[in-house]
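Enquirer: In order, the protein sequences belong to chains Y and X. The first sequence maps to residues 1 to 325 in the UniProt record's numbering. The second sequence maps to residues 1 to 340 in the UniProt record's numbering.
Please keep in mind that the hints were generated in silico from the structure rather than gathered at the bench. Just to be clear, a hint being listed does not mean it is correct.
As the list claims (entries may be wrong) - Covered stretches of chain X, as calculated for chain Y (at least 3 residues, CB under 8 Å):
id, region
1, 270 to 281
2, 314 to 320
Stated by the list, open to error - With a straight-line Cα cutoff of 25 Å, these simulated DMTMM-like cross-link-like pairs (lysine to aspartate or glutamate) come out:
id, chain 1, residue 1, chain 2, residue 2
3, X, LYS49, Y, ASP144
4, X, LYS245, X, GLU231
5, X, LYS49, X, ASP31
6, Y, LYS70, Y, ASP104
7, X, LYS245, X, GLU223
8, X, LYS249, X, ASP335
9, X, LYS47, Y, ASP144
10, Y, LYS175, X, ASP305
11, X, LYS49, X, ASP78
Stated by the list, open to error - Cβ-to-Cβ under 8 Å is the rule here; a few derived chain X residues that face chain Y:
id, residue
12, SER166
13, PRO168
14, LEU170
15, LEU171
16, PHE172
17, ILE174
18, ALA178
19, ILE295
20, TYR302
21, ALA304
22, LEU307
23, SER324
As the structure is a prediction and not an experimental result, all values here were calculated from the model. Built from N, CA and C at the ideal position, the CB exists for glycine as well.
Residues per chain are reported as follows:
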Amino acid sequence: MLFYILRRVISAISVVIVTVVVSFMLFFVAPTDPAGVICGPRCTPERLNDITKSLNLDQPPVEQIVLYFKGIVVGRDYTSGGVTRHCDAPCLGYSYVLGVPVTDLLAKAVPVTLSIVIGGATIYLCFGVLIGTIAARVRGTTLDRVAVGSSLVIGSIPYFVVALIIALYATFLPKSQYVPFFSNPVSWAAGLLAAWLCLGLTNSASYTRYSRASMIEALGQDFTRTARSKGISERRVVYRHGLRAAMTPVITIFGVDVAYQLVNTIFTERIFQLPGLGLRILNAFNQYDLPVLMGGVIVGATVLVVMNLVVDILYTVLDPRVRLG
Amino acid sequence: MEPLIEEAALDRTGAPLDAMTAPTGSVKKVDTRHKSPTQIALARLRKDKLAMICLTIFLFFLAIAIFAPLLTKLEGQDTTTLHQDLLDEYGFPTIGATSDHWFGIEPRLGRDLFARFVYGARPSLIVAVSVTLITAFVGVVMGLLSGFIGGWVDRVISWIIDFVLSLPYLLFAIAVPAVILTLFSDDASTADTSEVTKARFVSLILVLSFFGWAPLARLIRGEVLSLREREFIAAAKVLGVPTRKVLFKELLPNLVAPIIISTSLALPTYIVAEAGLTFLGVGLVEPTPSWGLTIANATTYYRADPLYLWLPVLAISILVLALSLLGDSIRDAFDPRTRR
């Protein structure tokens, strides 16, 4: 078990390191011109030279990557125009456009994204599993067909189209905005309600299908027959015995889904104008702000890898049938 | 060994998750005598009414895309002419749908909506089809090599697959166009529109292909791993059939079903990806007519000019819905084990 976890951790770390190297090569070794971009249209050669030096762009690529890694692990100093600024670890550089550390920018955006995903995930997990369980109980009836059919249709329509239509036409919902939870929990929830409903309802479609299929399988097992033969109520058979067994695979998919949504809420954030990680990265793209873009990619990849690792390890704990090889 | 990433990856591409899927319909009974498995599957598909309706819808949009020049000529308009004379002082069109402009004109710029609509079907389908072909080819080749050769080749390819699958694709889709533009022009800030258009087109196909081949490769690898231990492969090897022939003459025909299933399920996801990225502003750019672009532009006019927004919204929803349902039907036809 310990060996398995160790192996998974090492492979996760290797993926993160390669991601950093690949994105670094993509952004700084490719013939991009970061110094020219920062310098702007009215640029003097001295200033360009100064910026090039301050970003260490005059050094060979390998050295630049080493410096970047050093920044992430212990922090690094930037000297520009005679002024030295210390960037604390984990340092991902300075934003070209805003001139503040990328780490701060991203850290400010993370709570927004987390709020959106957690709220939405709660809705689709509860709603999807409930509908799926009901559909499994009444399997083959019109109600079941309607549930499966509508979940197929909702799941097939592009997410951004659904989100856009909800954002434009569901004007009865409170205005979409982000208020920090600790300053006012009520307006926090009210401002995110539209995004939550949108994320929750569209994703509950696939959860309806997962939990329906999983529930049907669980209700066909021997232990369900045993439970029924004991004479306990049908409600208890389904929601106590069946649901518990049926939930393991659904929870696994849920964990991975949440990880993907943490880095893929861009559509939700863009459409509902919530200043999360995705919107920050999108703005960085529009402003050609390479350090923020790159920092966003690295943070996103790390979140994905870590979440996958956690889910994998939890899965081996939850389901004793998984053999570690 | 590691079921989670695999499931997630399959789920992301819409490929079948064995017990977890709920196929759309029951498998149709067909006469199976004197028929190859593919012929049986096609016969099943032909009996599936829903699949045929969806196929018709897809062919309809395909025809729109192919005959776009003809259709606009029939209407007598094009995608770029600005009909400013038909706009009022606030930029709103003064005409609705007329015999000159079948779907009316755009607010602000006054371009013909019908022309932009029919031409807008093109980039979606071109991007989706080319990405599907590229990913199918790369995925199959990588999966075959990895599964069949084994050893360090397998280890390297498997690691690459895991690596690609653990990257955030949407973030890269945003990041890569910024870099690719610099390859097409010397100065990214002053690049002209034709350079930007070309760069975006290329980067869109590159990014989607880069992330699309991995799930298929993993699927094919798994299939090959179980197939290569079978007697007919051993027999071919004993007979001295060269490896290339074993791969493409013995193994590949047995992989037709998973390849067709996963590509037909992947096609609509690429249409969504193209439209979605274009909507975000990181895909195709003006003046290319694209549904994603029209939707993004139309959001500010959704009250004044609902047709402007709803045409591309409905078109893309119907097209993607039809293709997804068709993909489900194809899966049911080719793989009857997943029936409910």
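Enquirer: Enumerate the violated hints, using their earlier numbering and listing them in ascending order.
Expert: 11, 21 and 22
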